[in-house]
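Just so you know, the protein sequences line up as chains H and Z, in that order. Counting from 354, one number per residue, gives the positions in the first sequence under the working numbering. Counting from 354, one number per residue, gives the positions in the second sequence under the working numbering.
With a Cα cut of at most 20 Å, we get these calculated EDC-like pairs of lysine to aspartate or glutamate: (1) 709(Z) with 363(H); (2) 512(H) with 553(Z); (3) 443(H) with 513(H).
Just so you know, the hints here were simulated from the structure itself, not pulled from any lab data.
There are 2 protein chains.
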Amino acid sequence: MPEELTLDIESLEKAISTSNVEKFITSSEELHYADLATVFEDLDDQGRSFFTRHISLDNFPNILAELPGSLIEETLERFDKAAQKEILTKLLDDDRADILQDVKAESRPRYLALLQPEEMEATRSLMRYNEDTAGGRMTTQVARLSPQMSVREALDLLKENYDTAESLARIYVVDEQGRVCGKLRLRDLAFSTRSATVAEVMQELDITILATADQEEAAQMFSRYDMTLLPVINEYGVLLGVITHDDILEILEEESTEDIEKMSGIAGEQSEETYLNTTLTTHFKRRFPWLLILALLAIASGYVMLRYEDVLNSIFLLALYLPMVVAAGGNTGGQAAAMVIRAMSLGELEAGSTRKVFLKESALGLMLGLVMGSCIAAITLFILPLFQPELPIGVSLTQFTIAVSVALAAQITTSTITGALLPIGARAIRLDPAVVAAPAITTLVDISGMIIYFTAAQTILNIA
Amino acid sequence: MPEELTLDIESLEKAISTSNVEKFITSSEELHYADLATVFEDLDDQGRSFFTRHISLDNFPNILAELPGSLIEETLERFDKAAQKEILTKLLDDDRADILQDVKAESRPRYLALLQPEEMEATRSLMRYNEDTAGGRMTTQVARLSPQMSVREALDLLKENYDTAESLARIYVVDEQGRVCGKLRLRDLAFSTRSATVAEVMQELDITILATADQEEAAQMFSRYDMTLLPVINEYGVLLGVITHDDILEILEEESTEDIEKMSGIAGEQSEETYLNTTLTTHFKRRFPWLLILALLAIASGYVMLRYEDVLNSIFLLALYLPMVVAAGGNTGGQAAAMVIRAMSLGELEAGSTRKVFLKESALGLMLGLVMGSCIAAITLFILPLFQPELPIGVSLTQFTIAVSVALAAQITTSTITGALLPIGARAIRLDPAVVAAPAITTLVDISGMIIYFTAAQTILNIA
Chain H
354 MPEELTLDIE SLEKAISTSN VEKFITSSEE LHYADLATVF EDLDDQGRSF
404 FTRHISLDNF PNILAELPGS LIEETLERFD KAAQKEILTK LLDDDRADIL
454 QDVKAESRPR YLALLQPEEM EATRSLMRYN EDTAGGRMTT QVARLSPQMS
504 VREALDLLKE NYDTAESLAR IYVVDEQGRV CGKLRLRDLA FSTRSATVAE
554 VMQELDITIL ATADQEEAAQ MFSRYDMTLL PVINEYGVLL GVITHDDILE
604 ILEEESTEDI EKMSGIAGEQ SEETYLNTTL TTHFKRRFPW LLILALLAIA
654 SGYVMLRYED VLNSIFLLAL YLPMVVAAGG NTGGQAAAMV IRAMSLGELE
704 AGSTRKVFLK ESALGLMLGL VMGSCIAAIT LFILPLFQPE LPIGVSLTQF
754 TIAVSVALAA QITTSTITGA LLPIGARAIR LDPAVVAAPA ITTLVDISGM
804 IIYFTAAQTI LNIA
Chain Z
354 MPEELTLDIE SLEKAISTSN VEKFITSSEE LHYADLATVF EDLDDQGRSF
404 FTRHISLDNF PNILAELPGS LIEETLERFD KAAQKEILTK LLDDDRADIL
454 QDVKAESRPR YLALLQPEEM EATRSLMRYN EDTAGGRMTT QVARLSPQMS
504 VREALDLLKE NYDTAESLAR IYVVDEQGRV CGKLRLRDLA FSTRSATVAE
554 VMQELDITIL ATADQEEAAQ MFSRYDMTLL PVINEYGVLL GVITHDDILE
604 ILEEESTEDI EKMSGIAGEQ SEETYLNTTL TTHFKRRFPW LLILALLAIA
654 SGYVMLRYED VLNSIFLLAL YLPMVVAAGG NTGGQAAAMV IRAMSLGELE
704 AGSTRKVFLK ESALGLMLGL VMGSCIAAIT LFILPLFQPE LPIGVSLTQF
754 TIAVSVALAA QITTSTITGA LLPIGARAIR LDPAVVAAPA ITTLVDISGM
804 IIYFTAAQTI LNIA
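Next up, chain H with everything else stripped away, as it sits in the complex:
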């Protein structure tokens, strides 16, 4: 964080803690709404009361839109009805819909009633879409022109509605039924002859998204096609709104966080609060389920070990490499899974590419297994003797070396393939690939690793 910003924030926090109204107003005008929201979130109840009592109502709607969902209603309730009305009216329509989705269902009608009929209708229709869809992310505040208009009429119309469109980077041309038929930029109008028609200066519109499509699809299209705005349509081609790039940034952040959390065995919806502001209970609830499931699964590994008591007892030196062989499977499986999951998230792996992935990871697993096996063989043959290891009569160091290296190679090869294929399999049965990743794969290949290790030892070392 730049030093200047830190100073501004500190000065605001001081104004709040000393209830210095004048200083609060000056300081709050210096800061961006995103920073003001962070400050607000970190305040105690008294501080928040002071904040809402003295903040400018021009500034507050943007701040409110940045707050986590759990804070929305209690914050709105700090204002009187007139102020609530002003705040809700000043919000961008997509932010307003999001905010009303965050308040309790029974409070929604009361807030909606504060709006003008037209705004109420627009907000209601936005709230119909699931939050994670293109429709749930779009704003309806988009500039629309009709193709017959002259450039002059178009410019006059845009001027009248100067600031109601969230962006004039792309302006859409729609026919009488509201179906989208072209796009143009403000510069195409500003620098054209005033008498030309909109149809003459517009360009063909090629890329659109259905309102019901998943937000991840919107993000992938946006970044693949370097878009400025993504127009959202219904099944009849009617323009409903646009998704702007700041929504896309949010989606990408959310989806990456989701992938990382799932891959680490963290369950449930990510919290909108920052890590530090999330309550202990929420953290606990999200981490406990997988921890328990994986622990129960791990008892299977222990059971395998119990069953091979005799093998371990006759050559206890096997314990030296047991954790290594088992863990190597988890590590290589985790790597393969991460690669495949990320490739899927970036839209690189179409449904038909399973065979290619299988061939690639089989070759890679074999290479990794052979090289790692050779490394461990070399260590066992040349370094282990320095520590005078105890081997029972009838088992040579060479035999022991072969057993552990073969086990390691087999474990790495099979685990690499398992790690790569499990996420693909998960997707095939419509499970989130990231859910089966790292911890789940690790636990599964731990079990197979135990079996591989003891079977190899038993077979190669001729233990009854």
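Start from chain H and add chain Z according to the hints.
Okay, now just chain Z, sitting in the frame of chain H:
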């Protein structure tokens, strides 16, 4: 992928494989350059020759900019000098600089010599910045106005240079020394009186970034402050260029991929090729190092197990829970690390918050440890007896239960704290936090888990 798009791509691929020039030209005009680049990347040498021979040179610069670095030079070399000149000239300046950074150093002067002196100078100056900095990401093609101009003059100037600015979403006002002093939108000009001065209609510019700042910082500012363009300045405040939102999307994707890969123990630079197009050797080189390091570390776990041979031999039933206790540490440590690393990536954890993280994770570790310990205690007391486990004389089921539950609780608590603090520690000594994540933490807490488990068993069960 939408069906229509798949059909267009198939028709293009068929045109290439059957060398049907006419159909190739029609099909290629239907497709977006990003899709054309994907098709090109997947072609064999013959297909690529056909592609470059017949693609329109209007379209090809954009396709080239989408190709992975390793393909750039061999692709450029498929064209003659005149075509190379046309392609390089038509590229946006930031793409051109990126492309020239991807060709061999000795070829660069030859390509630069094809450009006009002015373009050559601009490209050279962009190439001076490291690829991962704000300067390395910016385009210099930004609209600049001076404050004394009238709105009419400004519009005329912009009209003349109609399409040379990458975006007119934000236009910057600079003084005679090139220092940035304000910003405005095209609509502010288009809808103002023509005789007003630029200084009258412009707004104050508050957020800028230094050219030498890290690209991750640029992405964080962009998404925090919902920006459209991020102006890049030097230490004197001179406007050098802007970062556009498509660059930011790329940065965010890169940084998320990097985090995920590092957290999964994958080393080195991510490849620009897709997962399937990356060679086996590259995959191998990136996965092998950590696999080997972690395997060697895991021998330490094995060594601990060897040392406690007597404990395990006297109560072999301990083997049943050994993998569970050890793995639970890795799982909970991995969760904590993922949470903390993600919070740091999103800029939520300032340097001073170590104490807060420590308190939070200690409380959480304790909660998780106690609850998990109780679960295992219940299972051991009520379910294990059904399987008639073998306990040596002198050790009661209750004692055994206490030993394993205490060990599990201790392992989970300490591992949670370790997992959260290691990434913070890494950052403090300027290592990438993600590097020490999941696999490394798992391996470390595996060792401590072994020690905790056997020590608890030895102490509580009174084994000599």
